[in-house]
Every structure is written in structure tokens, then in C-alpha cells.
Amino acid sequence: MEKRQKRRVWLVMAALLFVVAALLMFLGQGEEKGPAALEVDFPRRMRAPDRERAERRRTQVLPTVAPTDSGTAAEPSRPRDPLLAALPRGPGKTAVIIEANALRHSPIGGLLLDCLMRDGGKQLEEFRQKSGVDPLQDLDRLVVTDEGMMLSGNFENARFKDLLGERVSANYGEGARVYEAGESSVTNPDGTTVKRRDTSAIATWNNQLLVVGKSPDEVKAAIDRVEGRGPDEPPAISESSTYGEMYGVLSVEMIARLFPPEQAALAQRLRDVAQNVELHLDASSDVALVAEVKGPSADDVTDLGKSLGAALSLARIKAQAGEDKDLAQLLDFAKVKPDGDSFTLEMAVPLAVIQERLAFCREERRAAEGGRAPETGTQAGVEQAPAPAR
Amino acid sequence: MRPVLGIAGYVLREAASRKFILAFMVGITLVLAVVAVSLRLEVIDGALAASRLFGKELRGNIQSIDVALRPVYQAAAFIVFYGGILFGIVACSDFAPGLMSPGRIEHLLALPIQRWHLLAGTFLGVMTLALGGTLYGTTGLVLIFGVKAGYWTVGPLVAGLMACVGFAAVYAVMLTTATLVRSAALCAASGFAFMVGGIIAGHRQDISTFFEEGLSRSAFLAVTLVLPRLSALAEAAGDIASSTPLEVRSLGTLLLGVFVFGLGALAVGFWRFEGKDY
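Going down the list, the protein sequences come from chains A and B. Residue 395, in the numbering used here, is where the first sequence stops; the numbers in between run on with no holes. Residue 1275, in the numbering used here, is where the second sequence stops; the numbers in between run on with no holes.
Do not rely on the hints blindly, as some may be mistaken.
Covered stretches of chain B, as calculated for chain A (at least 3 residues, CB under 8 Å) [unchecked claim]: (1) 1057-1068; (2) 1220-1229.
From chain B, some residues computed to sit far from chain A (all C-beta separations above 12 Å) [claimed, not checked]: (3) M998; (4) A1005; (5) G1052; (6) L1108.
Derived from the structure by calculation, the hints contain no laboratory data. The C-beta atom is built at its ideal place from N, Cα and C for all residues, glycine as well.
Next up, chain A with everything else stripped away, as it sits in the complex (with noise of 0.2 Å):
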């Protein structure tokens, strides 16, 4: 009787034990999700809705050229991103794109303007009267190149002549005309007057694009390359790089020059070995930036790769020491992907992070507006490209 007993004791312990284990594995596994690990999507290619902007924008066609002496009629030109044909051609240049409607509506637009807007939006108000251009809604794309700047979007409403009212315009091309600067009067403090002459150009493109450069020559050949009658060589950024919210290629100089000058060598080093660098900055969730670097000599270029990863690693053990969370968070994906005589850098910044470091401007616009909850304008991460001009 009393071995029952015991053996009962048994029994009941083990009904304890599974009701016991059954409860801790509850609370301790927690039946919701944990949150999903921090994942970035790295631009490394062209996705179907890039490529489906790109074939939007291939909105120019041009003329056919005459029939040959032999009889045989020309092909009829491709259409084409008249944009992409503005930029310059040849090895070495910087063409930079920054897709402005993209990101504008995207997350980090939406904070990005929150600054730019700190004034409760009067700046930006006073350019849309005085242009003509609402550049949130009639600005598509921004490029900058060694030359200067272009722009593209519909600029039907703008009032360039109001706004560029003391320069010569001419006429130039198809569908251009060119902005000079004159000679303008300048009075010193001393009363004396002296002449000075402003050598930088504007051109307008068939109300879809604005050429800034340093000089006429500079902005008509750019409009010469839109129209077909550039070099034929290809431009500096083909079409199937043009994925991201900001891509293009910078020239090594360039990129060399954004080096802190405790990292003078490594940047001397990429002057050495680098041919060109070329960007894709994904801002649709959390910044995601991806570089490729080129050069002639692929055991220099995996030695540049090197260098860069161990000064990335340096980087994020220095920010873990010295507990910069968000930084060391960063660097956490920051990793070099070597590939012969080329190697990919890729980068990330966590949109929460951004979110952080930003939210100053969106309190400082609130209280500027007096208040009011600040205009996001569209759903972010929906691009609304602007209507193009006719």
C-alpha cells in the first residue's frame, strides 16, 4: 500500500512538472514574434519598377536621318531618356542623378524637408512666386556633373525670363534657348563702379530640362548631346545604372577629397588605383548605398578593397567602444565585396536611426507653422513623378 503510495507521488510530481514546463515554455518563447532582424535591401541592380521608369522616360525620338546615296532607307532612331543624352561622355567625369521626386516621397524625403522647411515653408513659397516652379511637385530630377547642374520635370509654368531678366537669350538648336549673363555694373564701397562679366549659362530644353554650366559653351554642348549631335561616345551613366534614388558616377578625385585627413593615405591610394566609382543610394526604407569601384589592376584593387574593410572594421570597433550604438549599428553592414579588378562597398544607414538624428526639424517646423502638423504631402515611399511637359 504504501509502495502505491510512493509510486503515486511520482505520477502526481511529473503531472506538476509537464503543467510547470508547459507554462515556462509559454512565457518563455512568448507566442507573438520577436522583431524580425534588421535586414536592408542593397541596390545592386535594376528591379522592375526601375526599369519600368526607365522606359517611361525614353520619351525622345530623334529625326531619321535622310536615305544613304546607296538607297537604303536609315533605321528609325530608338527613343530615348533625353536626360541621359544631356549628360557628358567619356571616362572620368562626375554625373551624379538624385532623383528628387523619388525621394521626396520617400520616408527620408519626408524628414529631409521637414529641414528644408524649418522657416514654415516661406523660402519655398517665395521661389514658387517668383519661378513659376513648385520644385515638390514640378521637379523630377536633379544632376550634378563637373560641368555644373541640370535639371529635369515640367517647367511649362516657369518664368524664366522674370527670373533671369538681365541675361541675353538666344535662341539655339531644336528646342533650346540659352541664358547668357551680360556685363553688369557693380558699385564698390568707395563709389567707384566697375564692370563685371558673369560667365555661367543657363538653357532650357523644350520646358523639360534646365542646363546650368559654367559657361555658354559648356550648357550648348549639352543641349548639342540632347539633340543628337554630341560625340558618340556613351554617356556617363547608361540606362540600366539608372536604378536607385541617387546613382551615377563620380570621379575618383571626387570621391578621394570626402576622406577624413586621417584617412589621407588610404584616399591617396584611391586616387593610385581607382578608375571611377560608381554610386546607387536606395532610400525607399532604411539609406542603402552601394559603390563599385574600378580600376586597371584587379591585385590593387583587391588590396583597395582590403584597406577599406579594415578601415570600416576599425571604424565600427572604435564606435563600439566608445558606445555609439547607432554607429556601430551602421557598420554593421558595411562590407566590401571584392570581384576581381573591381569591388562593391556597401553601406547602410537604419531609417530609424535617420529618424533620430532628424526629428529637431520636424519639431522646429511644427512650432514655425504654429503648431499644425506638418504636410507629408503624398504616401511616402510613392513616387509621383510630375506631369511631363508638352
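Chain A is fixed; fit chain B onto it per the hints.
Frame of chain A, contents of chain B only:
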């Protein structure tokens, strides 16, 4: 406690005499030796710049060594967890049936010990064996990568210990099965079944969506509520080995829960063993 330790020692001596277990230890040693000899890591300022296996360059990213080794440690944690449990099921399945075989059980029962001491000692002996093997393998791995890469972490060791807790729950079920039927094959089968059940239990919320709402889903959730959540533990082990954030709410509570399940299974075995006639 002394009788339990005595039986555990007896089990360990039994294991030492088995070529299978010895072969396993030699196997681990060989794998570690091959990795140590054939793997070359080039680390510059804390970044893994290049790696060579058997003299052949492995294509990989240049990044911080701890980030680069994350997938290695994570894979090692999963291999130790699931591979260790599977090996344990196969290698230890006939310990208990062997101990209860005719002739031997009568001799053991004649000793001045309580019956539950016999089962507890067997459990302790097997767990000591599992713990030794796991620590040997994971310590070797940590030492190899620590020396070669200069990156030291106890993550894989902790993951190995967690694997032992998972095996404890499975082996307790196997031991209890041995009190019901004296068959090594059935012991292994029950261990394997509970391992699969444990994997399912760890993903019970995801899997439950495949059941229609109502009785079938509730029954599934009720059954998997009690099973040891081995896959959740394995994933947590992987996270710890790779120094990434844990997905489980409380690792300590989960570990304790799996271990208590093992004790519960063992208590059923005690109950059955106490009432069995030999």
C-alpha cells in the same frame, strides 16, 4: 546522491568501452584538426580580408571578423544542437535497455539503492557524456577561430550547453520508454519522435495556421503546448553563438521549461520503474 553518482560512473565506463562513442570523439578531433590545419584566415585591423580552405581561396566579403563569422558560428550551433541530439539518440538508445536486460537488472536491483537511483544515475551518466562531447567540440571550435582570427567569444560554448538541455528532455523520454519496453529501437524511435515534435512545437504558431480554426487547431495547440520547444531553443542557440539579438522573450525561462519537461518525463519513468516486476 552517492548511488546516483555510482550508477552514472557505471554508465560512463560502459560508454568508454564502446567503440562507437570513441569513434565519435576521434571524429570530432579529426574535424577540428582538419579545420585547424587547412583553414587560413587573413585578418587586417579586425576585418576578415581573405580566407583559404585547403589552399583554395574562398570568395567572401571583406567585413568585420565577428560579422563574417556569424554564419559560421550559427551553422556550428545548429549542427551541434540537432546533430548532437540525433547522435545522442542513436548512440545512447541502448544504454537503458542494456541496463534493464535480464541478468543485469537483477544484479542492479540487488544493490542497496532505490530504483529511481538507477534511472537518475543513467540519466546523469548520459548527460555527462553529452556535456563532455559538446564542450569538447565547441571549445575546440572557439579555440581554433580565436587563435586564427583573434576573435574570442563564448557564444558557441553557451549554444552547446543549450543543446545539452534540449538533449536532456529528449533522453528523459527515451529513458522512460525503456521502462515501458526494453527495446533500443523503440527508445530511439521515441527520442526521434519527440525531437520532431519539439521542432514542431517551436513553430506551433506558424504551423497552427494550416489547421482549420476550431477543434483541430485547438487540439494541435494543446498538444504542442506541452512538448519541449526544441526549435525555439535551437534558434536561440544560433543567435547566442552568432552574437545576434534573441528572438525569444526570455531565454532563461524557456531553458528552464525544457529542462523541467525532461524532469517530468523522468518522473513518469520513475513511476513506471517503481511498479515494475523483474
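Checklist line | Violated constraints from the hint list, given by number and in increasing order | finding: No hint contradicted; all consistent.
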